[in-house]
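So the protein lines, in turn, are chains V and G. Using our numbering, the first residue of the first sequence is number 1, and each one after it goes up by one. Using our numbering, the first residue of the second sequence is number 1, and each one after it goes up by one.
Just so you know, these hints were derived from the structure itself, not from any lab. Don't take each hint at face value.
Claimed, not checked - Taking beta-carbon pairs under 10 Å as the criterion, some of the chain G residues facing chain V (in silico):
| # | residue |
| --- | --- |
| 1 | I64 |
| 2 | L97 |
| 3 | L104 |
| 4 | R107 |
Stated by the list, open to error - Far from chain V, some chain G residues (derived; all Cβ distances over 10 Å):
| # | residue |
| --- | --- |
| 5 | L7 |
| 6 | S161 |
| 7 | R177 |
Virtual Cβ for every residue (Gly too), placed ideally from N, Cα, C.
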Amino acid sequence: MTEFAFEMHVDSELIAREVPSQRVLELVVTPPSAVAAHQRPALNLGLVIDRSGSMSGDKLEYVKRAAIHVLEVMQEQDRVAVVAYDTEVTPVSPSVAVTPAAKAEIKAKIEAMRSGNMTNLSGGWLAGCQEVAAAAVEGHLNRVLLLTDGLANVGITDLEELGVHAGQLLLRGVPTSTFGVGRDFDEHLLEHMANQGGGRYYYIEHPQQIPGIFEEEFRELAAVTARNVQVTLGVPTGVSVEVLGSWRTEQDDRHWHLWLSDLAANQRRQVYVKLLTPPAGDQPQLTVSGVASGKGEGGEPLRVETLLNLRYAPETEVQAAPLRMDLMERFGLVEVATRAAEALKLERKGEREQASAMLSMSLASSAPYLSAAIHEEYSGLVERMRRGLDEESRKTSHQRQYTTKQRRDQ
Amino acid sequence: MSSRQYLIGELAARAGVSVRTIRYYISEGLLPPPQTRGRYSVYDEDYLQRIRLIRRLKDAYLPIKEIRYMLETRTEEELEDFVQHYESKLGPGGDALAYISGVLERRPDAQSRDGLASRSRASAAVRSQPVDNARAGSDVMPDGAGWRRFVIADGLELHVSEPVLAQFGRAVRQLVRDGQEMLRRGGQAR
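Chain V with its partners taken away, still in its complex shape (with noise of 0.2 Å):
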């Protein structure tokens, strides 16, 4: 039996006085193990479904049934919406307790479902949310899964102002997964959607693979032991924090934010934070202090705190000291990974020379603590970004970034 932990490592813990440090921590949230008679939460689900016009044949028949599919493994205690979008936004079915009749009525509906026009992805997504959050029962396992093929080009469109709205939405208790299908959508704003709003981001390259990741996502939600976790850092004055990996992160003061939202039993989430500490003033050392919190399977809190020094010393010393090689090579692949994914986003502008240029740029300063097979890789994209990506290996490609920089690939 695992218990809820948090821990917090160092590359270091040694600052030098003279002149400001990089040191590089690791945070490590471990979820419970799931209790013994395990009864998954009850799930209160909405399935936000794109049928714009490019998604009629083949895309649109697979996530049909991967609701219906969705559908069949949901119990009586669960609630399901479903919400089908193309310009307008269309209630297939408002959330009801998934009992067999209500299966076999929602099952002939979206059976039924013919493709339409344009992608009011905004529209749809919030239609989804509103379900969600008018079902939403204490204790309940809420999720809206949004599944698009396309750009969203009627409604919101603007990727920040929507990653804005799915933040606001997790913090009221309903977070977003995103699902992209084919070749024709976004992958920064679905994975900026899914960040923001607490789930997770897939890319599915071929329409059969839909089953299959909705079973996923389905798997996942239901081996949840940990909800809405939470890791808060307080660090000195005069410390500058980056969290890697994209993870919503909010500041107030002296104090960082990360959202981890629901954890999965086994799930072990590890975060990297970059550190750079002042000279030293007249204090020997500086303390960063950390909480993880969430609520556990029966609503408990879960919580704990836990402190780390780290000492200033010259800065020879500082230079000649050992650094935690294990925690470097993770951190390594997390940091390429967050600045491959950002190069990514400057090719798809057009901006080649500049996304190669930066790409190359993080190889060279992580290549101490990368594998030659990791590091041959890299350099690869670096020389294809440069002549330009086409869009299914830009999508390939900003996936294993994903996984990669959130740890997700453990």
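Chain G: place on chain V using the hints.
Chain G alone, transformed into the frame defined by chain V:
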């Protein structure tokens, strides 16, 4: 107020926060600096009430700066009113619903529900769709102004755009009459 006094650890335990949090609130000016008695700082019942209020304000997702401003500018009763008003709206999910309504009020184009009421405010992007394109979408209904509605039977309607009606008016009316006739006969057959 009672004259009961607490040490910081007792106060933290009673208020359900950490000692660190109390120190943070003091450093941020949300709580006044404590009185000292000999070597110890002591806190009275007012601190306990204040911390509980701050926690409720935090639960309303107010940032620290905002909380400090409210504490400085509002009376206890006003603050209690604010928090109660907020909490009364708050069932599970109520808060998210209020947020979404706010978004949709500011951006009515963000959502057009599939229903006649919303069709009158279909977005400009749709309005500029050529007729053919709109028709290709199975059941898309652009702007209500440019469309005519024919009721064939209860629950069965035909929607025709003005240009199509101008071109195929006679055929459309025939279609409607045929439809009505078919349904009438179908009804009798049963």
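Tested hints:
With a least beta-carbon distance of about 5 Å to chain V, the hint placing I64/G at the interface is held under the 10 Å criterion. Evaluation of the L97/G hint against chain V yields a held restraint, the C-beta minimum of about 5 Å falling below 10 Å. Below 10 Å, beta-carbon pairs count as interface contacts, and L104/G has one with chain V at about 7 Å; its hint therefore holds. Of the supplied interface hints, the one on R107/G holds, with its beta-carbon coming within about 6 Å of a beta-carbon of chain V, less than 10 Å.
A cut-off of 10 Å between C-beta atoms confirms that L7/G is not in contact with chain V; the least separation is 20 Å. With a closest Cβ-Cβ approach of about 14 Å to chain V, S161/G is found to remain outside the 10 Å limit, as its non-interface label requires. In this structure R177/G is separated from chain V by more than 10 Å, as the shortest Cβ-Cβ distance comes to about 27 Å.
Of the numbered hints stated above, none is contradicted by the structure.
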